[in-house]
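Asker: Chains as they are written, first to last, in the working numbering: chain A, 1 to 277; chain B, 1001 to 1305; chain C, 2001 to 2540.
Please keep in mind that the hints were generated in silico from the structure rather than gathered at the bench. It should be emphasised that the depicted structure is a prediction, and the values quoted were computed from it without experimental measurement. Some clues are possibly wrong.
Within a straight-line C-alpha distance of at most 25 Å, the following computed DSS-like cross-link-like pairs (lysine-lysine) qualify [as the list claims (entries may be wrong)]:
no.: 1; chain 1: B; residue 1: K1268; chain 2: C; residue 2: K2218
no.: 2; chain 1: A; residue 1: K140; chain 2: B; residue 2: K1210
no.: 3; chain 1: A; residue 1: K140; chain 2: C; residue 2: K2416
no.: 4; chain 1: C; residue 1: K2416; chain 2: B; residue 2: K1268
no.: 5; chain 1: C; residue 1: K2088; chain 2: C; residue 2: K2122
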Amino acid sequence: MRRRWPPAVVLGALGFLALLVLVAMLAPVIAPHAPGRVAMGKRLTPPVFSGGTWTHPLGTDSLGQDLLSRTMFGARVSLLVGVCAVLLSGTMGVTLGLISGYRGGWVDDVIMRVAEIQLAFPAILLYIAAMATLGPGLWKIIAVIGVVGWVSYARIERGVVLAVREQEYVTAAQAMGAPVGLILRRHILPNTMAPIIVVASFSLATTVITEASLSFLGLGVPPSVPSWGSLLADGRDYLRQAWWITTFPGLAIMATVLAINVIGDWLRDVLDPRLRI
Amino acid sequence: MTAYVLRRLLQTVLVVLGVSALSFGSMFLSGDPTMVMASESWTRQQIEDFRHQMGFDRPWFVQYIDFLSRAARGDFGVSLRQQQPVSQLLLQRLPATFELAGAAMVVAVGLGIPAGVVSATRRNTAVDRGLMFGALLGQSMPVFWLGLLLAMIFAVMLGWFPVAGRGGWQHLVLPATSLGLFSVAYNARMTRSAVLETLGQDYIRTAQAKGLSAARVLTRHALRNALIPIVTVAGLQFGNLLGGAVITETIFAWPGVGRLTIQAIQGKDLPLVQASVTFLATVFVALNLVIDLLYAVLDPRVRPR
Amino acid sequence: MSAHRNGVTRRQFLKTTAATAAAVGAGLAAPRALAWPGADTVFAQAQKPPTLVQGVDPETLDPHFGESGIIANVLGNVMESLIAYDRKMRPVPFLAESYEVLGDKVTWRFRLRPNIKFQNGKPLTAEAVKFTIDRTMNADLRRQGLNDPFPARSGVTQVKVVNASTVDVVLTRPNIILPVFISFLYIMEPEYYSSKPPRETAVAPMGTGPWKVDEWVKGDRLTLSAFDGYWRGAPQVKRMVFRPVPEKSQRMNMLITGEADVAIALSPDDLPIVERVSKLRVSIAPGSRRMHIGIPTDSPKYKDRRVRYALSHAIDWEALSKGLLGRLTPERRATVLVAGDAWVSPRIKPLEFNRQRARNLLNEAGFPMSERIRIYTPVGRYLKDKETAEAVAGQFREIGLQAEAAPLDWTIYTDKMRSPGGMDDLYLLGLGSRFNGPEDLSIVTTGQIWDQTKWITHTPNGPKFNTMYKELIETIDEKKQRDIAFQMEQLFVEESPWINLWIQPGAAGVNRRLDWEDSGGGDRLNLWLPGERDVRFVPI
């Protein structure tokens, strides 16, 4: 079987993401300044190519904090929120979908009704209501986005489980008296991973944007934590005086989400063409 | 068919009940609602009076039943901060949000679907790749960033449109575009897939073999069948647009329900928040119901046995 | 593909499209010719009413149900009070011609100006004053959310109508601060307010002011129109529009395009932008917010007075204020506890910037330098609040303290203040002032939630301050008032529970076609100050 290399664009996206993760992990080491280092004398200095110096290649914000360092640390936060939220939704959703699909009966009904009720709210409204009640916080926002997101995973998982559970190897295993847990783990779960991965990649992209939007509204990470969203929020009053404060985090978000979407598209084409978007 | 309609209606009612329960319950999540809404300068007596006035001293299920029965009559209580009946406040602002979401839909559908069709018919050409990349780009931008950028460029620098507020059609352009762009991208990509899938079907090849022009094949056969999933998803988007309007309304000072909700949250105006959330969710649910029924009418395959 | 059978040839289609596109482009590219409300042509300007933008809509226009700067910006032009403040923040008799406190010390007599009418034609009488004050104590309305602090602040027991133009306000105890509270009380027309439920009065106020509320589309625009029967004369500007625009950068954008004429509460960083636009100018006003950092004296860290002195000595005030406020930097004040030159004791000197002295004092007091110091600050509540806390923390670090700013959302910040322990570390706050010494001093007496220093109960001078305060508010003689106030300030400064920053100035961006200026107290949209002319268009 011939293995085809993914198209150049996808390779580029993968490379970018790998670099991003590396930067995020190594940020405490490679960032030129501490992200929280205030220097009131160096407020609003422009990037190096626009009249600034190499000490602050991307310029500084209204507190004199280095934008490059903050953007690097922002990558940590945004990626952390994205990955953790996706893991949370994924775990919850896959588990519930598995149970729903395998057990069937009233359990299935209940879980699906709850899903419907939750889907009745536009997601952003749920986020806003929840964060407004709980107050800003890094782990709170991960929890909220994570918990709200279980539905898509559950439905996909359930669909695949329903299809797979009638397969011969499953009925055979059941006939042999294998414990439920083993059947689930060994036979059913692996077959459902492909579409789940696709869903996960798209929701990672939307989570990054959601975090940015919520931080913009003041309902995301607390004011002291540099996430790309809060960097954008910080810079919104300085759009004319210091365009760089919003531009670089904005570009970072765009590039990251674009890369994730490109990879997600490719994954979908490769793993499960049935899933249109 | 009637059975299906009835079942969906019943489901919707259940869902609305669930929605109301959730939004009612959320009020108690942040602790004692009386303390949340109370002003700093109130005396103990005033706080207790207020608690009694709002009925917060009753058991929760009594409060819930009361809430439901009043909601059924359209009475969502009175906003503490604005002294207006909440339903009135919502109804005043709803048209603005619908106008915005509607315009964004027009943008999303009017730009997205043709783009997707063009892309599909010119598959794997530069046009296709360019459009699809543009679509991906559109899905990667946070709405508020886009909005501020558009305002800066088109309102201030070029002076083509007003900066903010509601007025004539010129006031709609920037907000609708920034709200709808994400959906344009989504629609374009989805339309492309749907059309491609349809084009690959046997009956298309049959039509082509019969000698029909490409244009006719497209319009007569492919589009009509591709329309069903397109319409469904496009319809569902309206709900998402309603939600996304919150940010756009803030940036463009649009007097809609989204901004009202945010202000209510910031002002801790609990009756308003509760009603707002229930209201919006109910609208969303009703919309879904309509879409589903429409879907069932359009595509006989979908109607359950 | 047949070129003609389908009617339109490809070439024709392309030509038509190109032509249409060109036409549309040309139309769009000629913005000055289009007459939508944002167009900035001379024609539009002459006709267009002044537009004033602030961040949010007032929540209500019934002054007994809500109190905020936003509400005052609108309502202050529609309703009036017995006493008002002029540009220099001095109280002047306004609807009242004169007032005095009677021999029993608890009765204040107000004599009304004659011939003042409400916007519905009814005359201003003593009855109206009585009605207004009585309404603040109306139990029924209270249950519906009425929440005016006047009764609690003033200690009023009853209001007596002496005759049609004279009214007596009787208090439980003497209180010389009454005029300040009276200045917050907008006088209401009795028939109107007794016949309309809160639902209506919340959107349609009835006062004696120069403009009346014409139309209010909530969230969009609030239109005022001139009251030609106004007692100081008919206003020149016949219509005005208030618009709520949440995004600061958008408010600036609207100033630049001409869609807005006045935007208040600008930051020093915005000023260069405004000045670069030829049709705009900057209007700077001295402010009334007393920015300070409070030190909780009940915390073991800060019990020792020397530590508190050290914190003030550690601050380079010049660099701090210039860095943060730039052109808006006000004159340095020895203390910001009291605003208004008349009330500040001349004997008080600021604690000068001296790092060495700071370190010495900390040493003497045995302060553990490894101890973490946090400066709680709200975000976006005051001009440069977060930046100020960060900058101060930075300066503390320069002398070796482990200091950092702790930004909090405003609601969380106030929740913390109201929690049982209150503020457990340094906190940045900006308390408003009405330029009345006793009222300013009241803020740091017992039981005030805004004072988290707890100094009254935890420092030697505290109890004496409290006692003197009780004496002060009953002292009628003005010279004696000043003496006591000065002594109290001395006590306060000795204990230094506040790090004094500045009194926050206000800056507004104004379109040159208006001759309006931001007034003392900063960021107030008062369009016709006492003793001055109303806002006008500048003749072209």
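Asker: Each hint: holds or not?
Answerer: Okay, the hints, checked on the actual structure:
Restraint check: the Cα-Cα separation between K1268 of chain B and K2218 of chain C comes to about 18 Å, which is no more than 25 Å; the hinted pair holds. This hinted pair does not check out: K140 of chain A and K1210 of chain B have alpha carbons roughly 61 Å apart, beyond 25 Å. The straight-line distance between the Cα atoms of K140 of chain A and K2416 of chain C is roughly 19 Å, inside the 25 Å bound, and the hint therefore holds. Proximity of K2416 of chain C to K1268 of chain B is assessed by CA-CA distance (about 16 Å); at most 25 Å being required, the pair is judged to hold.
Taking the CA atoms of K2088 of chain C and K2122 of chain C, the gap is near 32 Å; set against the 25 Å cutoff, the hint is violated.
Violated hints for the displayed structure, listed by number in ascending order: 2, 5.
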